[in-house]
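Build out the structure end to end from the sequences listed, making use of the hints.
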Amino acid sequence: MRFEDQRKKLVQTLKMRDIHDESVLMAFAEIPREDYVPAEYQEYSYLNQPLPLSDNQTISQPGMIALMMQELSLSSEDKVLEIGTGSGYQTALLAHIAKEVCTIELLEKLSLKAQKTLHSAGFKNIYYRIGDGWQGWEKAYPPHKEFDKIIVSAAADEIPQRLTEQLAEGGIMVVPVGGRLMQYLYKITRKDGELIVNRGTPCTFVPFVRPGK
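Counting with this note's numbering, you get residues 1 to 213 for the letters of the sequence shown.
It should be emphasised that the hints constitute simulated quantities derived from the structure, not laboratory data. Glycine residues also receive a C-beta, built at the ideal position from the N, C-alpha and C atoms. A couple of the hints might just be wrong.
[What the hints assert, rightly or not] Beta-carbon label-pair distances, calculated as ranges:
id: 1; residue 1: GLU108; residue 2: ARG199; range: 32 to 38 Å
id: 2; residue 1: ALA29; residue 2: GLN161; range: 33 to 39 Å
id: 3; residue 1: LYS109; residue 2: GLY193; range: 35 to 41 Å
id: 4; residue 1: GLY200; residue 2: TYR44; range: 24 to 30 Å
id: 5; residue 1: GLU169; residue 2: PRO142; range: 16 to 22 Å
id: 6; residue 1: LYS15; residue 2: GLY200; range: 17 to 23 Å
id: 7; residue 1: LEU112; residue 2: GLU169; range: 32 to 38 Å
id: 8; residue 1: GLY131; residue 2: PRO52; range: 21 to 27 Å
id: 9; residue 1: GLN12; residue 2: GLY193; range: 40 to 46 Å
[Claimed, not checked] Below, in silico cross-link-like pairs of lysine-lysine (BS3-like), each with a Cα-Cα straight-line distance of 25 Å or less:
id: 10; residue 1: LYS139; residue 2: LYS116
id: 11; residue 1: LYS187; residue 2: LYS145
id: 12; residue 1: LYS145; residue 2: LYS124
id: 13; residue 1: LYS139; residue 2: LYS99
id: 14; residue 1: LYS124; residue 2: LYS113
id: 15; residue 1: LYS191; residue 2: LYS99
id: 16; residue 1: LYS113; residue 2: LYS99
id: 17; residue 1: LYS139; residue 2: LYS109
id: 18; residue 1: LYS99; residue 2: LYS187
id: 19; residue 1: LYS139; residue 2: LYS124
id: 20; residue 1: LYS99; residue 2: LYS116
id: 21; residue 1: LYS15; residue 2: LYS187
id: 22; residue 1: LYS124; residue 2: LYS99
id: 23; residue 1: LYS99; residue 2: LYS145
id: 24; residue 1: LYS145; residue 2: LYS191
id: 25; residue 1: LYS139; residue 2: LYS113
id: 26; residue 1: LYS109; residue 2: LYS124
Here it is as structure tokens:
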């Protein structure tokens with residue numbers, strides 16, 4: 001089966017898993033996951049499962065990415081902060097919908113490879129930083145202090161306070177929180193200056209690596 005046909009099949013799978021946001025489904029229909037998967041795993045690109053990357057990292061399960069993006073209620077005017085560039089696949093999906101994506105990756109090798117792939121794909125609305133995602137977009141270009149949406153692609157041991165401080169009024173952050181054995185997807189909304197925290201579905205992500213810890 002050709003990748004294009006597999007991509008269509010994946011979108012149908014997402015629909016059956018209660019992904020109904022049309023902008024999210026359109027992004028999955030348009031962005032070729034095989035371009036972001038290591039060559040030795042390309043034949044598995046459209047299975048609804050994580051796939052290995054270098055340095056013990058993974059490209060997340062499409063169903064989980066879709067769920068997180070749907071929880072964000074993305075719009076074409078959003079400025080999005082992504083913690084964990086990884087392969088760049090989720091970055092591409094976000095950039096397909098949002099006005100601007102600022103993405104941070106701790107591992108230089110991963111970031112540079114993702115940047116090359118995303119540049120080749122023609123994206124003009126993505127900004128990159130190599131460094132500690134726990135601190136957010138501090139002192140980086142463009143100099144945003146707040147974001148409409150924040151998405152974290154690794155499991156934090158607690159809700160990252162520095163990231164919540166960079167969440168705009170009315171903004172939403174989605175972050176997996178927990179240890180290696182038990183994690184949950186949290187949705188955090190800033191409303192009237194307060195944070196509303198909701199715990200959602202169980203999930204499994206690689207740990208949120210913090211330098212010095």
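Verification of the supplied hints:
1. GLU108 with ARG199: 32 to 38 Å: Since GLU108 and ARG199 have Cβ atoms about 33 Å apart, the given range 32 to 38 Å holds.
2. ALA29 with GLN161: 33 to 39 Å: Holds, at about 37 Å.
3. LYS109 with GLY193: 35 to 41 Å: 40 Å, holds
4. GLY200 with TYR44: 24 to 30 Å: At 27 Å between Cβs, range holds.
5. GLU169 with PRO142: 16 to 22 Å: Given range 16 to 22 Å: holds, Cβ gap about 19 Å.
6. LYS15 with GLY200: 17 to 23 Å: 20 Å, holds
7. LEU112 with GLU169: 32 to 38 Å: 35 Å, holds
8. GLY131 with PRO52: 21 to 27 Å: About 24 Å separates the Cβ atoms of GLY131 and PRO52, which means 21 to 27 Å holds.
9. GLN12 with GLY193: 40 to 46 Å: 42 Å, holds
10. LYS139 with LYS116: 23 Å, holds
11. LYS187 with LYS145: Distance ~20 Å between LYS187 and LYS145 Cα, so the pair holds.
12. LYS145 with LYS124: Cα-Cα ~21 Å, so holds.
13. LYS139 with LYS99: Holds - the C-alpha atoms of LYS99 and LYS139 are around 21 Å apart, at most 25 Å.
14. LYS124 with LYS113: 16 Å, holds
15. LYS191 with LYS99: 22 Å, holds
16. LYS113 with LYS99: 23 Å, holds
17. LYS139 with LYS109: The hint holds at about 22 Å.
18. LYS99 with LYS187: 21 Å, holds
19. LYS139 with LYS124: 21 Å, holds
20. LYS99 with LYS116: 20 Å, holds
21. LYS15 with LYS187: With a Cα-Cα distance of about 21 Å, the restraint between LYS15 and LYS187 holds, given a limit of 25 Å.
22. LYS124 with LYS99: Satisfied, since the Cα-Cα distance of roughly 10 Å is no more than 25 Å.
23. LYS99 with LYS145: The given pair, whose Cα atoms are some 16 Å apart, holds under the 25 Å limit.
24. LYS145 with LYS191: OK: LYS145 and LYS191 at ~17 Å, within 25 Å.
25. LYS139 with LYS113: 23 Å, holds
26. LYS109 with LYS124: Holds, because 21 Å separates the two Cα atoms, which is no more than 25 Å.
The structure shown violates none of the earlier numbered hints.
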